[in-house]
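S.K.: Spelled out from the first residue to the last, the chains are:
2 protein chains.
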Amino acid sequence: METGRSGRAPRPQTRARREEILKAAVATFGAKGYHKGSLTEIADQVGMTHAGILHHFGSKDALLMEVLEYRDRSDVADLPDHHIPGGAELFRHLVRTAFLNAQRAGIVQAFVVLSAESVTDDHPARAFFESRYATLRGEVARAFRVMCQEQGINEPDTIDKAAASILAVMDGLQVQWLLDPAAVDLAEASEFAIEAIVAQVLSPRELPLGRA
Amino acid sequence: METGRSGRAPRPQTRARREEILKAAVATFGAKGYHKGSLTEIADQVGMTHAGILHHFGSKDALLMEVLEYRDRSDVADLPDHHIPGGAELFRHLVRTAFLNAQRAGIVQAFVVLSAESVTDDHPARAFFESRYATLRGEVARAFRVMCQEQGINEPDTIDKAAASILAVMDGLQVQWLLDPAAVDLAEASEFAIEAIVAQVLSPRELPLGRA
DNA sequence: CACAGGTTACTTACCGGACGGTAACCTCCT
DNA sequence: AGGAGGTTACCGTCCGGTAAGTAACCTGTG
Chain V
79 METGRSGRAP RPQTRARREE ILKAAVATFG AKGYHKGSLT EIADQVGMTH AGILHHFGSK
139 DALLMEVLEY RDRSDVADLP DHHIPGGAEL FRHLVRTAFL NAQRAGIVQA FVVLSAESVT
199 DDHPARAFFE SRYATLRGEV ARAFRVMCQE QGINEPDTID KAAASILAVM DGLQVQWLLD
259 PAAVDLAEAS EFAIEAIVAQ VLSPRELPLG RA
Chain G
79 METGRSGRAP RPQTRARREE ILKAAVATFG AKGYHKGSLT EIADQVGMTH AGILHHFGSK
139 DALLMEVLEY RDRSDVADLP DHHIPGGAEL FRHLVRTAFL NAQRAGIVQA FVVLSAESVT
199 DDHPARAFFE SRYATLRGEV ARAFRVMCQE QGINEPDTID KAAASILAVM DGLQVQWLLD
259 PAAVDLAEAS EFAIEAIVAQ VLSPRELPLG RA
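Quick note, the sequences are listed as chains V and G, same order.
Under my numbering, the first residue of the first sequence carries the number 79, and numbering increases by one thereafter.
Under my numbering, the first residue of the second sequence carries the number 79, and numbering increases by one thereafter.
If you are wondering where the hints come from, they were derived from the structure by calculation, not from laboratory data.
Mixed in with the good hints there might be a few duds.
Just so you know, same-sequence chains aren't split out, so a pair can sit in one copy or run between any two.
[As the list claims (entries may be wrong)] List time: in silico BS3-like cross-link candidates among lysine-lysine, alpha-carbon distance up to 27 angstroms: (1) Lys101 x Lys138; (2) Lys138 x Lys110; (3) Lys101 x Lys114; (4) Lys114 x Lys138.
Build out the structure end to end from the sequences listed, making use of the hints.
M.R.: Below you can see the structure in the form of C-alpha cells.
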C-alpha cells in the first residue's frame, strides 16, 4: 500500500543508481521497444537481476513512465532559465534541438519507437504522448500567433495545421534518419522543413498544385 | 523440405482464405504491434488455431513480410494504369492519399506502428522499410526535379531534403492523428505541409529565423 | 465412372523458452 | 533494531514452432 512514503532514509547512492537504471532502460526500450525490451536486459547493463529493478520501480510500467518523465526533464533542463521561448526564438530552438538530436541517436530512437508503439491498444505510454503532443502543439501555435501578430496576420486554422506539421516533420525525419543515417541529413532537413512551414504561415502562396 | 513446389493443386478457396488472414494480421499488428500481436489473436479472427496460420505462412516473420507486400500491392493498385505520376501530379496524388488515409485508420495504424518498430534491433521489417523509404524519396525527388526543370531551377540538395520532409510530415501527422483524431486534421494538415514544402523548393525565401 | 493415392488444410497436443511479478531471505548501512 | 538494497527461487502465463493425426479434396488411372 505504502510507496516508501514516510519510510526511513534512502541511501545517498540510491539516486545515482536509479539514474543508471533509467539510462539503461532508455537504451533497451530504444533498441527493442517497450514490449520486447525485458527487465533482465536492463538489469544486466547495471549489474543486477531483474528483481532488483522491480524493487526500485515496482513494475515495468512504472519504470517506463519514469523513463519518459526523465527524458522530458532533461529536455527542459537545457533551456536557458527553464523558460520556453516564444515567437521566432522557439523555432530557432527547435532547429537547434534537431542538430543536437543528430548526435544522440539512442535517445531519439527510444522516443521514436515508444511514441509510435504508444498508439497501440492499452499502451501504458499512450496518455503520456497524447498530452505531450497536445502541449507541444500548443507551444508551437503560441509562437506562431506571436509572429503573426507582429505582422498583422490572423489565420487560426493555418496555425493549427502548421503547428502539428512542424512536430510531424521532425518526428518523421527521425524515423527515416534512424533507418538510414547516410541517406537523410536529420539536422539540415529539419531546418529546411521548419523554414518552409514557417514561411508558408507568414506569407502564404498559391501553388501550382490546384485541385485534382 | 518441399514448400508445395511442384506439389499438386491448391484448392480454389485457399487464395481467399489467405487474404482473410492477411487482413486479420493487419488489424492485429496495427492494434498491438508485431511483437505483441500474437498468431493466436490473428487466428481467432478467422476461426482457426495458430497452427493453421503457420501452415499457410510458415512463420510469423514470413506472415509479416506478406502483410507488408500485400499493402504495397493495394496502394499501387489504386494508381491509374499502375503508373507512378511525375511532376506536380505526384504531389496531388500524395494529397489525395492523405485524404484517403483519413478514412482508414486501421491500415494507417499498422504502417505507423510497424515502421517505427522496424528501427529496433534485428526487426524483420527493417529492410522492407529501409528500401521503401529510399524508393519513395527517389520518386518524390524525381517529381521535384521535373518541376524544377520546368522553371529553370536546380538545387539537388534542397530537393533531397524536401523529398524526405514530404514523407516525414505525412508519417508524423499520422502519429498525432492516431493519438488524438479530434486535435489533428490529417488530410488538411498534410495538404498544407506538402504545399509549404513544394513552395519553398520552387521559390525559396529567406526567413526571419536567422542563426541562433 | 469409380476408386485409389497423394496432397491440402487444417486440429490437437506438446515443447522449450522467455517474460513480469512475488515471496523469502540475506546483509549491509544508519 | 530495522529498513534499504539487493539475491535466489519459483510461479503462472503466453508465445512461436513442431509433430502427428485426420478429414476433405483433387487427380490420374483402369
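S.K.: All hints are to be evaluated individually against the structure, with a verdict given for each.
M.R.: Evaluation of the provided hints:
Within a single copy, lysine 101 and lysine 138 get their C-alpha atoms as close as 14 angstroms, which meets the 27 angstroms cut-off; across copies the closest is 32 angstroms, which misses it. In this assembly of identical chains, the alpha carbons of lysine 138 and lysine 110 lie at most 27 angstroms apart whether taken from the same copy (14 angstroms) or from different copies (18 angstroms). Taking CA atoms no more than 27 angstroms apart as the test, lysine 101 paired with lysine 114 passes in both settings, with 17 angstroms inside one copy and 24 angstroms between copies. For the identical chains of this complex, lysine 114 and lysine 138 are neighbours both inside a copy (12 angstroms) and across copies (15 angstroms), given an alpha-carbon limit of 27 angstroms.
This entry satisfies every hint, going by the numbered hints stated previously.
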